[in-house]
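Once you have looked at the hints, place chains B, C, D, E and F on chain A.
There are 6 protein chains.
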Amino acid sequence: MQVTTFGEIMLRLTVPGNQKFVQTDWFHANYGGAEANVAVSLALLGDQATFITKLPNNILGDTVIQKLNEFGVDTNRIVRGGKRLGLYFLQPGAGVRSSKVIYDRNDSAFAASKDGDYHWDELLDGTDYFYISGITPALSEELQATLLSAVKFCQDHSIKVIYDANFRGKLWTADEANTFNSKILPFVDICLVNDEDLENAFGLKAFDNRNHQAIHEKDSFKQSLEELTTNYPNIKLVASILRNIYSAQKSDWQAILLTDHKFYESSTYNMQVVPEVAAGDAFGAAIVHGVLNNFKPQFQVDYAIAAATLKLTIPGDFNLSRDSEIRDAMTR
Amino acid sequence: MQVTTFGEIMLRLTVPGNQKFVQTDWFHANYGGAEANVAVSLALLGDQATFITKLPNNILGDTVIQKLNEFGVDTNRIVRGGKRLGLYFLQPGAGVRSSKVIYDRNDSAFAASKDGDYHWDELLDGTDYFYISGITPALSEELQATLLSAVKFCQDHSIKVIYDANFRGKLWTADEANTFNSKILPFVDICLVNDEDLENAFGLKAFDNRNHQAIHEKDSFKQSLEELTTNYPNIKLVASILRNIYSAQKSDWQAILLTDHKFYESSTYNMQVVPEVAAGDAFGAAIVHGVLNNFKPQFQVDYAIAAATLKLTIPGDFNLSRDSEIRDAMTR
Amino acid sequence: MQVTTFGEIMLRLTVPGNQKFVQTDWFHANYGGAEANVAVSLALLGDQATFITKLPNNILGDTVIQKLNEFGVDTNRIVRGGKRLGLYFLQPGAGVRSSKVIYDRNDSAFAASKDGDYHWDELLDGTDYFYISGITPALSEELQATLLSAVKFCQDHSIKVIYDANFRGKLWTADEANTFNSKILPFVDICLVNDEDLENAFGLKAFDNRNHQAIHEKDSFKQSLEELTTNYPNIKLVASILRNIYSAQKSDWQAILLTDHKFYESSTYNMQVVPEVAAGDAFGAAIVHGVLNNFKPQFQVDYAIAAATLKLTIPGDFNLSRDSEIRDAMTR
Amino acid sequence: MQVTTFGEIMLRLTVPGNQKFVQTDWFHANYGGAEANVAVSLALLGDQATFITKLPNNILGDTVIQKLNEFGVDTNRIVRGGKRLGLYFLQPGAGVRSSKVIYDRNDSAFAASKDGDYHWDELLDGTDYFYISGITPALSEELQATLLSAVKFCQDHSIKVIYDANFRGKLWTADEANTFNSKILPFVDICLVNDEDLENAFGLKAFDNRNHQAIHEKDSFKQSLEELTTNYPNIKLVASILRNIYSAQKSDWQAILLTDHKFYESSTYNMQVVPEVAAGDAFGAAIVHGVLNNFKPQFQVDYAIAAATLKLTIPGDFNLSRDSEIRDAMTR
Amino acid sequence: MQVTTFGEIMLRLTVPGNQKFVQTDWFHANYGGAEANVAVSLALLGDQATFITKLPNNILGDTVIQKLNEFGVDTNRIVRGGKRLGLYFLQPGAGVRSSKVIYDRNDSAFAASKDGDYHWDELLDGTDYFYISGITPALSEELQATLLSAVKFCQDHSIKVIYDANFRGKLWTADEANTFNSKILPFVDICLVNDEDLENAFGLKAFDNRNHQAIHEKDSFKQSLEELTTNYPNIKLVASILRNIYSAQKSDWQAILLTDHKFYESSTYNMQVVPEVAAGDAFGAAIVHGVLNNFKPQFQVDYAIAAATLKLTIPGDFNLSRDSEIRDAMTR
Amino acid sequence: MQVTTFGEIMLRLTVPGNQKFVQTDWFHANYGGAEANVAVSLALLGDQATFITKLPNNILGDTVIQKLNEFGVDTNRIVRGGKRLGLYFLQPGAGVRSSKVIYDRNDSAFAASKDGDYHWDELLDGTDYFYISGITPALSEELQATLLSAVKFCQDHSIKVIYDANFRGKLWTADEANTFNSKILPFVDICLVNDEDLENAFGLKAFDNRNHQAIHEKDSFKQSLEELTTNYPNIKLVASILRNIYSAQKSDWQAILLTDHKFYESSTYNMQVVPEVAAGDAFGAAIVHGVLNNFKPQFQVDYAIAAATLKLTIPGDFNLSRDSEIRDAMTR
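Residue numbers (the UniProt record's numbering), protein chains in the order written: chain A, 1 to 332; chain B, 1 to 332; chain C, 1 to 332; chain D, 1 to 332; chain E, 1 to 332; chain F, 1 to 332.
Chain A extracted, bound-state conformation (with noise of 0.2 Å):
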């Protein structure tokens, strides 16, 4: 089985410690993106998974080639070309101080990459499963395009779509989102989706109120999983992580995974971490794992919430959890 993940990888640049961009003389560089994360931890967990994306041509584009290498995903067939590679700044926040960040990813390889780029009888040569995410089309018109040219291949070839809707409202509104996965939705066979994702990205209510503690709420938010895959029969699996948020780094961490037409919750965690990046990227990544593994669905959903919370652990943006570990986690 073989997994192919497409979408933007970028350079994050973190001012370090609670310092103030004003305050710094140094960034600590990352690279990272949803679906490189998702590849990345696949080939960690021992599943084929290749990358797809386009970067330009300069040593910044080899080195985020050479950090895919590192862990073993499939870069051969990684598109070169464009002007520049994406990135952005972040200063995060601490106590009631906001995180801030300096998107600087307009004109990115990637970002004004065109549909003629990704030749996807080539590219998807070989693959079973194809995962993208919500990002992706909020970059322009010419990428949505693409993404339903590249989905409908696989609907051609029996290959089966990923969807992670991870909304962002910085890049798109929830007007263009609802737009562009209702047209995309039909095609999807496992679909993620966030409690901030469900309203925003698919215009379907999940909560009452706007301060909702999803997990306190999981009633209301299961009924609208349901009418999603009412909505959409072809969804054959759903998985969702709830949060209840208490403090910068006290929350409350569950999943929920709907299929065949029955609900799997996982444990709850309480995490007392300053959180790192990248948990749903993790979550998704361990969901498709159970799907390659054939994972019994309780399972799938105990083992993905633990990939989720350990993640919050790790800095950057890679989960670097082995199998081992995460089962490691399922027991503590």
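Calculated directly from the structure, the hints in this document are not laboratory data. Heads up, some of the hints might be wrong.
Heads up, the list lumps identical chains together, so a pair's fine if it works in one copy or across two of them.
Only pairs whose alpha carbons sit at most 25 Å apart, straight line, appear in this in silico PhoX-like list of lysine-lysine [claimed, not checked]:
#1 Lys250 <-> Lys218
#2 Lys83 <-> Lys160
#3 Lys20 <-> Lys83
#4 Lys114 <-> Lys152
#5 Lys205 <-> Lys183
#6 Lys205 <-> Lys236
#7 Lys20 <-> Lys222
For chains B, C, D, E and F alone, kept in the frame of chain A given last:
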């Protein structure tokens, strides 16, 4: 409107991490002082701020000036001369371990400065507000005389005086502080006073028990503030931070403001951070900013406590927050 | 009064921050070992402390000696020779992530040392107390024989023996430990024993359930301690730390001391820190310091738990606390 | 006397040590640009210096302004707006290894700025000298037009124009440079020109062979300078640095100044350092400082080469040297 | 064409800066070994490279594999098992101060590996070239037998053997080396041999005096190389680096290549850097790259010396240079 | 044989890298002083060394003592008390840039110490050699008296006096130094004197021209040394380092020793390093070590210059070299 602050700025040498003196080969260097911190805050908020002190005529003195210039503070009236820059060594505490401070500020250019070093007619020319604190009179009798001659000058030239009580038990006794404060309070228009200052510096009993949690005993504190403004009717505005402290990294923060015989209370912030220093100076600066910009009292006190809690998250002595960041913190 | 401790000291190589092995280009280097830690604590508290071990005749061996000299430990009786310095790699845990240890101590100069390497008549000449732990006999049968010949020497020469049970499940089995301990306990005057040691190392059942919180089940623990002193009436003093552990950075700590058939309990500390290692050694050293200086039992146990909680805040293996700092922590 | 400089300031992200891109997790961050560097130098030398540019309206833009304020540069006339801050990545060379630069400055606020962004009557109000370089016209035709309108404004308002040729082969061709320079040189009063610029930017042949050591072939270089001032008699002063480069860390530096048809040569410095950047800007600033303060030509050229060689030892783009340090370096 | 290299890869722990062991709290961690370095170089140059070794089944073993994957080396044939990863501590020298190495590689998984661990029919399946060095036979007699059985397998299956003499006086004596080399040289097709190796490892006298500068005495060295190929006519190509060493950071480097009875000499590089390690491995890899890609001998030797001098500037054991960078260095 | 050294030890705060004060947020912390450095060297060489000074009764004082203990120096006779630890800030020079020192040692515990602080009968009890330098008398007249009473005590108790001239022009004038030295030299048995000291401190003309290279003018220097021993026949041994300095990182070092009317010259070392400080103290210590161990004069001077050049490569003030390392350096 132009504000002038006057006091000492020192070099702080801090042992990094949780290390002890004997473990470290490195000291983190940082320049700060109550009145300089206020000037920086005001300059960053867009007000015209001048800082006056006496600095040695060496590279460390030059460095202090450049650090202040960075944030837009007017440093042109700083007096140069004297033997050395005051400094102190700090080994921060952790858990049951107390922090350790080694002061090395004797004979500093400022502490040894004389009344004749400061020509108030030139130094305060054009100033509307004069900001001082209870640290300066604790340094020498000469500086007590200097402050008294300065506030008399202010009275004669319609310059408003802002006084932050800032009692430092390591520098003088409560008796000495009371004696001096009874001389200067008749000249004060705006007074900032902590829960710990009221009793030690002003001789007013604020709480019944020594280990009080200030927010819980707000009422007795208010009585003392009223007594203060009754004793010194020249004081038009008093503002205070009240804290309940639960552990090294858990505390509640609320502010209170008394003006025109009426109390205004801010909302309460539950802080879960290892706090950085100088929140009181950030608070004082924000109160002054409100005065300069005609904030309504309720907004003023809400704004000031947000500035203070924001400072708790920022390394160093200076509150690097801009107006938009304080307003953002008010909504969190 | 002179104390001699005997055991292995190793190089610890720690992955910094929350990184994983594959992410780091740097290891933090630190030298420590239970018995060396005790010697350092005692020397810093002003007692005469000698540390005996076997170290390789290379620069790493020299470095260990200099690190011990720094704190005033007498290192003149250390035996030199053997192949290598024992070392281990540590990747600290975080949240649901377990810590990972890779031991690399086989064939170390100490682990491979022979009975004949230690001439107790010379090495213990002038000593009043001999401090050992249950780690040493776990390293080899030869070292078991060495320890037994040493304690017999002590018995013959009126040197008191202090034994810290310190069971290490990675080095030997509970059965092996029980067998050896039944041979050495008849020589022991002062015994330090953790809640986890009692059952594994001494074969005494301390708690009914496996996931006990020790402070909550203090009574059953006390019964076991009484049983220990009944079985081995030569043991004049037993001291233990009891912990309730709520999360990686939240725990309660209390100590208990049994002497003259009477129990003394310390106050309980609520710790909210990511704990540093070797609190048990700090505790043991403080108990011994109390013995050397004729502390009353209640003060002794209060002093020792303060020393232990202080160590939780100090990086490295050595408790760099002096007497005044421990007394200060007792009041917090 | 007041000097205004105009140009782009960028964020430089440098790979630390001798590492390569793929090895580093950290970039050193540094802000600089030829014309900003000159403004900083002048401000530190005590001259009134204003820097004009266009910066994005985000925190990085604010940070740049604070960094300039630190040294006393007037930043009040900086235009805000546009998409992003220009930046570039630098992997320094070593031995036979070339340095690698990845420019990422397209679409920067300055590079994309329009003539209409700059209202010269306001921006140059009160200015006596206007300092520009050949980097700006290389960025866009729009900026060429902007510069020409600016220098016309200067001519009409008796503002002297200082032009540093600063040819950058990565930004435009020699032909393009020659075409533009033939338009701007008639407006220039003071010209700074490197050995590499003369041919590429001004179309004057300075040396016979490509791999010349400039000091050895000073005579042919002088001829070209004379030709320049003959062609453009409006140019009252020309100054140049000549270098013999023997290896990455060994070179000779000499300066030459032509005014009133007479040449002045500085002494020659044998440099044995890995040189920091921006020595040319330090030189240019020192020449301007000499003009502002009526230095005699021989002293002016000696002073300027000392400033340049001093900059070779200072990390970052800004020459943090004060007058006393330059005079000290002149004696070494 | 596919190359397989076989040998040990170790963890190097280096004291940073000019510090001594007793001064440092940090070790820089780096993985490398002659044959692994060659595999990395080849993979980065675009060749198919497989590395075979035996690594312990722990996280350090996993880490080594990921570090090799990063550069595209095929690690699928690495044998897992054994006790520990070999390691060594390095305190670099400076000026008159010698570097200090503490080897701690006894009992490493590779050093203790047995002939039966390596199934050459599987491990070398599909390989065209087999690269080994004189370090491996110095580790144990078992590994000598292993190497001899491997090269016999190569002879039987038309796999070319490349042998880097790499004499290590700390691991075995010249006599032992000569004895073994006389057995393996009849199987070698390509031989890499340093000036220091010829005499110690092959028993051929290369220079008259002990403190020779190799480039100055090139002629006598050439005679020895001719003697080598006369003795072992199976050796079709010999390549060597010759160095004149003037000080810790000043040396001349030249390479020499003998094939078809003809000598080819590279140009000479004057290096003025504190050299990084493993230039010889970079050289060997480049020679092999030339063989794989049919470089003409003169170009091959020029290319290889450029690769070697480039490595002198790159931290760590791996030559991170790509083809374009080597060609660029050839022109400097 | 037991050596006691007496003088001040200070905290040095150094700006890291090539940065300037205004650029750094960190100071490197290091403790050192001429006489303490000598004690450390001797202890590491295996001699019995005691250091006497006066240190403040705070954590910085404790830290100094621990740093000395690390190397085996006897610190039990150090006097405690006084106001503060002396310190100085150092910004190292580079290229044409001078180093900058800001002394902040006034009022230090040692500088302000009184004759009555030192009870020589107790402090020098059991000592065979007393080592002092010309820095101490430069600090105060009180310390001049102290030194004179100490050397008289030595004369009365057959303790040999070693005096390192160590003239410091920032602390006193040449006239003051000459006056004091004429009083103390009659008590000196062994004298260490630099080329710069002879004229300034002893009033003996050593070189004709001011910018001499000392090795080139060895003969005139020898004449002065002879004159010194003629004037003070009590001086049995004089040793000096002579240096030719070519650039910041290039110099020649040679030592000369005069005893029994005969000169011994060491070989000359060509140093190509950025030198660390305190080579002179390493030299002095090695001379004393030779005296204690009856080295022959030629070996003694060779050994001492090797120790000095070794120190040039070791960060910090202490020469961390052991006997074997010095002997190794002698062969390079």
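Hint by hint, here is what the structure shows:
1. Proximity of Lys250 and Lys218 under a CA criterion of 25 Å is satisfied intra-copy only: 19 Å inside one chain copy versus 29 Å between copies.
2. With identical chains, the CA atoms of Lys83 and Lys160 are never at most 25 Å apart, being 32 Å at best within one copy and 39 Å at best between copies.
3. In the homo-oligomer, the alpha carbons of Lys20 and Lys83 lie at most 25 Å apart only across protomers (21 Å), although the nearest pairing inside one protomer, at 29 Å, exceeds that limit.
4. Only within a single protomer do Lys114 and Lys152 lie at most 25 Å apart by alpha-carbon distance; the minimum there is 17 Å, versus 45 Å between protomers.
5. When the C-alpha separation of Lys205 and Lys183 is checked against a cutoff of 25 Å, the pair qualifies only within one copy, where the shortest distance is 19 Å, while the shortest distance between copies is 65 Å.
6. For the identical chains of this complex, Lys205 and Lys236 are intra-copy neighbours only, at 21 Å inside a copy versus 52 Å across copies, given an alpha-carbon limit of 25 Å.
7. Taking the shortest Cα distances, Lys20 and Lys222 never come within 25 Å of each other, neither inside one copy (41 Å) nor across copies (37 Å).
The structure fails to meet hints 2, 7 from the earlier list, while all remaining hints are met.
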